[in-house]
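Produce the entire structure from the sequences given, and follow the hints as far as they go.
Each residue of the sequence shown is one higher than the one before, counting from 1 in our numbering.
Note that these hints are calculated values from the structure, not bench results. Just so it is clear, CB atoms sit at the ideal spot from N, CA and C, and this is done for glycine as well. Certain hints may be false.
[As the list claims (entries may be wrong)] Derived lysine-lysine pairs resembling BS3-like cross-links, with alpha carbons at most 30 Å apart:
hint, residue 1, residue 2
1, Lys122, Lys238
2, Lys177, Lys35
3, Lys272, Lys260
4, Lys185, Lys122
5, Lys35, Lys122
6, Lys185, Lys238
7, Lys177, Lys238
[Said to hold, decoys possible] FRET-style restraints, in silico, Cβ to Cβ:
hint, residue 1, residue 2, range
8, Glu140, Ser171, 46 to 52 Å
9, Glu196, Asn108, 21 to 27 Å
10, Pro15, Arg165, 28 to 34 Å
11, Arg275, Arg41, 40 to 46 Å
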Amino acid sequence: MRLAGFLDPDLVVVPQIAPSKAEAVTQLLDAILGKYAFLDRARIEEAIAEREAVENTSMGRGFAFPHARSEGVDRMYIAVGISHAGIPDETPDGEPLRAIVLLLTPRNISRLYLQTLSAFMKLCRTPRLRQTLFVARTPEDVMRAIWDSGVMVEDELLARDIMRRPVISVSQECTLKEVANMMYKHGISGMPVVDEYNRVVGEISERELILAALPDFAERAQREGAQEGPEPFEALLKRENQITVRDLMTPPVSIVDEDKTVVELAALMLFKNVRRVIVCNDGELVGLIMRSDIVSRVIRG
1 MRLAGFLDPD LVVVPQIAPS KAEAVTQLLD AILGKYAFLD RARIEEAIAE REAVENTSMG
61 RGFAFPHARS EGVDRMYIAV GISHAGIPDE TPDGEPLRAI VLLLTPRNIS RLYLQTLSAF
121 MKLCRTPRLR QTLFVARTPE DVMRAIWDSG VMVEDELLAR DIMRRPVISV SQECTLKEVA
181 NMMYKHGISG MPVVDEYNRV VGEISERELI LAALPDFAER AQREGAQEGP EPFEALLKRE
241 NQITVRDLMT PPVSIVDEDK TVVELAALML FKNVRRVIVC NDGELVGLIM RSDIVSRVIR
301 G
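And the structure:
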């Protein structure tokens with residue numbers, strides 16, 4: 001079904017004038033409750049605040065997607081606000097908010113909610129569609145722009161719906177020191193290794209970095225009290241600018257395409273003990289999914 005089919009022009013606020021994201025969300029909630037007064041405002045507001053406290057829902061490119069699953073609603077409700085002036089907020093790219101989409105669902109329809117959110121994310125990643133929305137003057141303009149985009153809400157939750165993008169990757173020529181710095185800076189435990197065409201050729205993780213210092217760990221452990229040569233990590237640090245990713249990387253464990261279902265991904269991670277799955281499109285790296293993404297984006301929402 002087209003994304004536009006889930007929208008109601010009565011729940012489109014344009015132009016939206018608000019001094020803050022919180023006030024803009026309140027205006028959108030007012031629009032929903034103005035038409036559906038039987039909904040439980042207190043429960044909804046509590047769920048929205050709880051979700052925002054966990055993670056800022058301002059995604060960059062001028063978009064924010066405040067959303068919540070709550071016992072205070074009986075089905076999915078979507079309200080859209082378009083700000084011509086821009087609303088200040090802490091955003092990944094420093095851009096003010098121009099479009100705010102409030103999604104409310106009961107706790108028992110998380111799949112539809114996530115697929116709808118994914119459809120909106122696809123919309124916001126397309127520059128032409130963003131600009132059309134940002135200059136919309138009426139609710140009908142907004143509805144027409146989203147309809148004409150052709151963006152669909154898919155029947156199943158797929159890898160593309162929850163994968164991380166852009167992906168932090170590394171080339172084979174990077175040094176051990178550079179890789180360690182990247183892992184620390186981005187708070188990650190591993191990353192794909194790509195060639196000059198952004199095609200995946202391997203993986204590198206904290207495990208490979210540690211193994212570089214202890215290549216003969218099993219043998220060393222059998223020598224009781226043996227202390228031959230320099231301390232292994234000290235020796236490794238002396239060569240951190242000479243050792244490259246090419247020397248350390250392993251073959252990629254799991255590569256899937258964007259159409260892999262989340263159920264299949266969860267089974268792969270569980271039964272094959274896979275911590276991260278690399279997502280490719282025609283061989284090119286497009287995303288990454290961690291076990292924590294299944295928890296945070298599907299179970300927690």
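Legend entry - Pairwise hint evaluation, lysine 35 against lysine 177, where the allowed Cα distance is 30 Å at most: violated, 58 Å
Requested in this report: Take a quick look at whether lysine 122 and lysine 238 sit within 30 Å of each other, Cα to Cα.
Outcome: Status violated; Cα separation ~46 Å.
- Take a quick look at whether lysine 185 and lysine 238 sit within 30 Å of each other, Cα to Cα. Answer holds: lysine 185 to lysine 238 is near 21 Å, not above 30 Å.
Honestly, do arginine 275 and arginine 41 meet the 40 to 46 Å range at C-beta? holds, 41 Å
### Task
With respect to the beta-carbon atoms only, verify the hint that proline 15 and arginine 165 lie 28 to 34 Å apart.
At roughly 31 Å between Cβ atoms, arginine 165 and proline 15 fall inside 28 to 34 Å, so the hint holds.
Assess, step by step, whether the Cα of lysine 35 is no farther than 30 Å from the Cα of lysine 122, and give holds or violated.
holds, 28 Å
Note to self: Can you confirm whether the C-alpha distance between lysine 185 and lysine 122 stays at or below 30 Å?
What the structure shows: holds, 28 Å
Outcome of range test on Cβ distance (glutamate 196, asparagine 108; 21 to 27 Å): violated, 47 Å
query = CA of lysine 272 to CA of lysine 260, is that 30 Å or under?
reply = holds, 16 Å
Worksheet item: Lying within 46 to 52 Å: is that true of the beta-carbon distance glutamate 140 to serine 171?
Response: Since the Cβ atoms of glutamate 140 and serine 171 sit about 49 Å apart, the hinted range of 46 to 52 Å holds.
(message) Given the hinted pair lysine 177 and lysine 238, is their Cα-Cα distance within 30 Å?
(response) Between lysine 177 and lysine 238 the Cα gap is close to 10 Å, so the pair holds against 30 Å.
Figure legend: structure checked against the earlier numbered hints; hints not met, in rising order: 1, 2, 9.
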